[in-house]
Amino acid sequence: MAGIRIENLAKTYYIKDRKITALSDINLEVDDNSFVTVVGRSGSGKTTLLRILCGLEEKSQGQIYYTKGEDIISKPKISMVFQEPRLMPWLTVEENIGFSLINENPKVKKRKVDLHLELLGLKAFKDAYPNQISGGMAQRVALGRTLCYDPEIILMDEPLGALDAFTRQNLQREIVNLFANRQKTVIFVTHDVDEAILLGQKVVILEKGSVKKQIPIELPYPRSPESERFFKYRQEILRTIMGN
Amino acid sequence: MTKAKKVLKSLFLPAAIFAIWYLTSNAGILNTYIIPPPQEIFETAAVLIKKGTLAKHVASSLYRVFFGFLLAFILAFPTAVLIGIIRPLEDYLILIIEFVRHVPPIACIPMLILWLGIGESSKIAVIILAAFFPIFLNTLNGVINCDYRLLEVGDVFGFSVKDKFFKIILPSAIPYVTVGMRLGLGYSWRALIGAELIAASSGIGYMIMDAEQLSRPDIIIVGIITIGMLGYVIDLLFFSLTAKLSSWNKEGAKSWQELE
Numbered sequence: 043m044a045g046i047r048i049e050n051l052a053k054t055y056y057i058k059d060r061k062i063t064a065l066s067d068i069n070l071e072v073d074d075n076s077f078v079t080v081v082g083r084s085g086s087g088k089t090t091l092l093r094i095l096c097g098l099e100e101k102s103q104g105q106i107y108y109t110k111g112e113d114i115i116s117k118p119k120i121s122m123v124f125q126e127p128r129l130m131p132w133l134t135v136e137e138n139i140g141f142s143l144i145n146e147n148p149k150v151k152k153r154k155v156d157l158h159l160e161l162l163g164l165k166a167f168k169d170a171y172p173n174q175i176s177g178g179m180a181q182r183v184a185l186g187r188t189l190c191y192d193p194e195i196i197l198m199d200e201p202l203g204a205l206d207a208f209t210r211q212n213l214q215r216e217i218v219n220l221f222a223n224r225q226k227t228v229i230f231v232t233h234d235v236d237e238a239i240l241l242g243q244k245v246v247i248l249e250k251g252s253v254k255k256q257i258p259i260e261l262p263y264p265r266s267p268e269s270e271r272f273f274k275y276r277q278e279i280l281r282t283i284m285g286n
Numbered sequence: 032m033t034k035a036k037k038v039l040k041s042l043f044l045p046a047a048i049f050a051i052w053y054l055t056s057n058a059g060i061l062n063t064y065i066i067p068p069p070q071e072i073f074e075t076a077a078v079l080i081k082k083g084t085l086a087k088h089v090a091s092s093l094y095r096v097f098f099g100f101l102l103a104f105i106l107a108f109p110t111a112v113l114i115g116i117i118r119p120l121e122d123y124l125i126l127i128i129e130f131v132r133h134v135p136p137i138a139c140i141p142m143l144i145l146w147l148g149i150g151e152s153s154k155i156a157v158i159i160l161a162a163f164f165p166i167f168l169n170t171l172n173g174v175i176n177c178d179y180r181l182l183e184v185g186d187v188f189g190f191s192v193k194d195k196f197f198k199i200i201l202p203s204a205i206p207y208v209t210v211g212m213r214l215g216l217g218y219s220w221r222a223l224i225g226a227e228l229i230a231a232s233s234g235i236g237y238m239i240m241d242a243e244q245l246s247r248p249d250i251i252i253v254g255i256i257t258i259g260m261l262g263y264v265i266d267l268l269f270f271s272l273t274a275k276l277s278s279w280n281k282e283g284a285k286s287w288q289e290l291e
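Read top to bottom, the protein sequences are chains X and W.
Going left to right, the first sequence walks through residues 43 to 286 as my numbering numbers them.
Going left to right, the second sequence walks through residues 32 to 291 as my numbering numbers them.
For the record, the hints were derived by calculation from the structure and aren't laboratory data.
Among the hints, a few may not be true.
[Said to hold, decoys possible] What the simulated footprint calls covered on chain X by chain W, stretch by stretch (three residues with Cβ under 8 Å from a Cβ of chain W suffice, anywhere in the stretch; the number is not a length): (1) 93 to 99; (2) 117 to 128; (3) 134 to 148.
[Said to hold, decoys possible] Stretch-level coverage of chain W by chain X, calculated; a stretch enters the list once three of its residues show a Cβ under 8 Å from a Cβ in chain X: (4) 185 to 196; (5) 251 to 265.
Heads up, the beta-carbon is just placed ideally off N, CA and C, and yes, glycines get one too.
Construct all of the structure, not just a fragment, from the sequences and the given hints.
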């Protein structure tokens with residue numbers, strides 16, 4: 043399993059000769075098997091950070107190391123869950139779950155897919171096409187697809203952002219359960235402060251492309267947003283983001 | 032029930048036309064030398080079918096369409112995929128493509144006859160010209176319009192270029208490809224009849240042309256009805272064969288109607 047160490051990471055790009063700084067001077071340590079949430083306003087660079095980490099965009103400066111304890115290792119298997127489910131519309135739920143396993147032995151593939159269909163409660167929908175299922179269901183399939191790929195590091199870019207409050211709560215609970223006993227490192231981006239506290243062992247606050255603060259959340263799972271300590275964390279994070 | 036109703040509705044107008052045709056020509060309002068009455072058409076059709084003449088001409092037209100269409104697909108599909116993937120190629124080809132696209136295949140028939148004679152090859156060349164562009168342009172469209180967000184899914188799963196092509200680009204282009212093939216099939220059918228009208232020794236177009244020289248309007252009408260019905264049947268067959276392939280894509284089904 044793997045963690046990530048980010049040093050002086052920066053990302054700039056140009057729109058019509060105007061330089062835009064998306065990320066600057068990011069220093070961040072993500073331990074192996076930890077669940078880190080990243081919050082910030084829109085435009086704070088959350089998505090860019092994830093896109094660089096999984097190789098969809100090039101960094102402009104800085105270093106990204108992958109770690110195992112104290113050692114630096116070569117780039118592990120990293121994957122990403124996007125804000126939209128991005129399922130292949132021509133494949134059924136079952137085929138979408140196994141989408142990443144192209145060179146896998148068919149028997150092993152079947153076993154893995156069945157396992158994840160079961161795990162995410164999608165068995166009854168396995169023959170449905172993406173346009174026949176709800177948004178929450180589709181995001182569940184997207185999550186299952188990534189879990190089936192079995193990466194060591196999972197990046198999630200507001201995967202629950204487009205869902206209604208009820209579906210969202212259910213999925214938050216499921217994500218806690220899914221990762222509680224799995225050897226995975228997760229970086230979960232959200233703009234929802236409650237979600238960040240509910241899920242993360244550490245909350246990283248991004249602002250204008252830099253890390254403003256990192257707050258370890260010392261609450262046992264499952265967490266309740268009604269508790270007093272939860273409330274205090276929320277206050278602290280909101281104050282940091284609002285800047286007072 | 033609704034399906035039967037639909038069929039009934041669609042039969043209403045043809046039935047009305049036949050009825051008016053029948054009544055007017057038998058009442059002596061229409062000149063039966065120019066437009067023979069329906070019963071005469073049926074009789075002629077029966078004779079042509081019985082003698083095997085119609086089957087012979089239909090067979091040679093169908094053979095040309097399918098052979099020419101197959102060749103057109105073999106040429107158009109890989110070219111479109113290649114240009115779709117290697118975009119800079121488009122800059123080199125754009126003028127030629129736009130030029131040839133706007134020349135109707137029928138305009139090339141005299142040249143093709145000079146080059147290839149009046150045998151099979153000139154007909155097949157016409158069909159290739161007619162079917163190439165719809166297949167080519169729609170396939171190209173499908174390949175270049177592949178959703179980049181789906182391609183990024185391939186990226187985050189570590190897909191190779193080959194994997195991305197076969198697992199994402201190609202399947203997402205299939206509705207476009209089938210639309211192109213369907214259009215191409217229709218175009219090649221029309222172009223073929225044109226070619227057979229100009230120079231041929233068999234085929235439905237030839238049968239019509241021959242009937243004109245013999246002053247047999249009944250045979251001409253049988254020929255026209257055969258062309259229309261066969262074209263429709265071919266399209267229906269092709270659609271039912273490929274509908275399943277692109278059933279997930281409602282856009283594809285829509286764009287076909289828009290194109291037509």
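| said: Count the residues of the segment 93 to 99 of chain X whose Cβ falls closer than 8 Å to any Cβ of chain W, and tell me whether that reaches three. | reply: holds (count 3)
| message | Taking beta carbons only, do three or more residues of the segment 117 to 128 of chain X come closer than 8 Å to chain W? | response | holds (count 7)
| Given coverage of the segment 251 to 265 of chain W by chain X, checked by CB-CB distance under 8 Å (3 or more) | violated (count 0)
| said: Taking beta carbons only, do three or more residues of the segment 185 to 196 of chain W come closer than 8 Å to chain X? | reply: holds (count 6)
| Given coverage of the segment 134 to 148 of chain X by chain W, tested with a Cβ cutoff of 8 Å and a minimum of 3 residues | holds (count 3)
The earlier numbered hint that this structure contradicts is number 5, and it is the only one.
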